[in-house]
Amino acid sequence: MPISDIPILSMLRTKLHWSQERQRLLAQNVANADTPEFKPSDLKPPDFGAGPSGVAPVTLLRTSPAHLASSDSTAAFDLEHGGPFEIVPTGNAVSLEDEMLKVASNQMDFQAATALYTRGLGLIRTAIAK
Amino acid sequence: MDLMKSIAIAASGLRAQSGRMEIISENIANADSTPAQAGGDPYRRQIATFQSEMDNTLGARVVKLGAVKTDPSDFQVKNEPGHPAADANGNVKYPNVNPLIEMTDMRDAERSYSANVNVINATRAMIQRTLDILKG
Numbered sequence: 016m017p018i019s020d021i022p023i024l025s026m027l028r029t030k031l032h033w034s035q036e037r038q039r040l041l042a043q044n045v046a047n048a049d050t051p052e053f054k055p056s057d058l059k060p061p062d063f064g065a066g067p068s069g070v071a072p073v074t075l076l077r078t079s080p081a082h083l084a085s086s087d088s089t090a091a092f093d094l095e096h097g098g099p100f101e102i103v104p105t106g107n108a109v110s111l112e113d114e115m116l117k118v119a120s121n122q123m124d125f126q127a128a129t130a131l132y133t134r135g136l137g138l139i140r141t142a143i144a145k
Numbered sequence: 007m008d009l010m011k012s013i014a015i016a017a018s019g020l021r022a023q024s025g026r027m028e029i030i031s032e033n034i035a036n037a038d039s040t041p042a043q044a045g046g047d048p049y050r051r052q053i054a055t056f057q058s059e060m061d062n063t064l065g066a067r068v069v070k071l072g073a074v075k076t077d078p079s080d081f082q083v084k085n086e087p088g089h090p091a092a093d094a095n096g097n098v099k100y101p102n103v104n105p106l107i108e109m110t111d112m113r114d115a116e117r118s119y120s121a122n123v124n125v126i127n128a129t130r131a132m133i134q135r136t137l138d139i140l141k142g
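Chains as they are written, first to last, in this note's numbering: chain A, 16 to 145; chain B, 7 to 142.
Treat the hints as calculated values from the structure; they're not laboratory data.
Predicted model, so just to flag it, every value in this text is computed and none were measured.
Incorrect hints may appear among the rest.
[Unchecked claim] Where chain B lies over chain A, by a calculated footprint (3+ residues, C-beta under 8 Å):
1) 24 to 38
2) 49 to 56
3) 115 to 124
4) 131 to 140
We put the CB at the ideal spot given by N, CA and C, even for glycine.
Let the hints inform the model, and build the full structure from the sequences given.
Below, the structure written as structure tokens:
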């Protein structure tokens, strides 16, 4: 069983991938903060098939074909065009403060996911240690 | 690596903003440039424009500095009969540069520039985190 098939690690990889894509979009928003008629975009959070209760246990997720079938990491994420906070007369709808907040939270998400990934690898290492 | 793309996009923002800064400084430096010959036109204020362009290798819309436009508003006219550039009535045309507007514009460019720098720093931290996975 390759490491990439371990549910928790593949979920984390999806999450890392999502953060990476989101960072690209946020960079695009910030770079175009002064371009006329530019509308910012964002990514929808990845759907891990959680039930209505919000958080589904990992064992349940294993039975859900919708989620674990996607072992390839190039899963596409949907763009989200949220209602713009403010639009300046040139038609630009980027709010730099908003984007900075998103960049910071994206960075923290990424950090959390990499920390968990390291832990996951540590567990495997513990399991194979003598 | 995809995170490098984020850095490249933010770098396009840095380039565009520094180009804008260049034009603003040109305006400020020439705020008092009177006409070369008597009765002629002085320096005309320039305006930087931005346009976003689809970059296919990055798969994102990067920002580029568009054509530099000139401000069509009227020049300031001052009556200085002794001035070498004065016309027959003793009027001298001064550039249509308003230092206050240039200053606000400059702050705006500065703000956008540091926002792009922030994105680069955040992305760098993310790359560093990815490398830290290897350390375990």
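What are the numbers of the hints that this structure violates, sorted from low to high? Structure breaks no hint.
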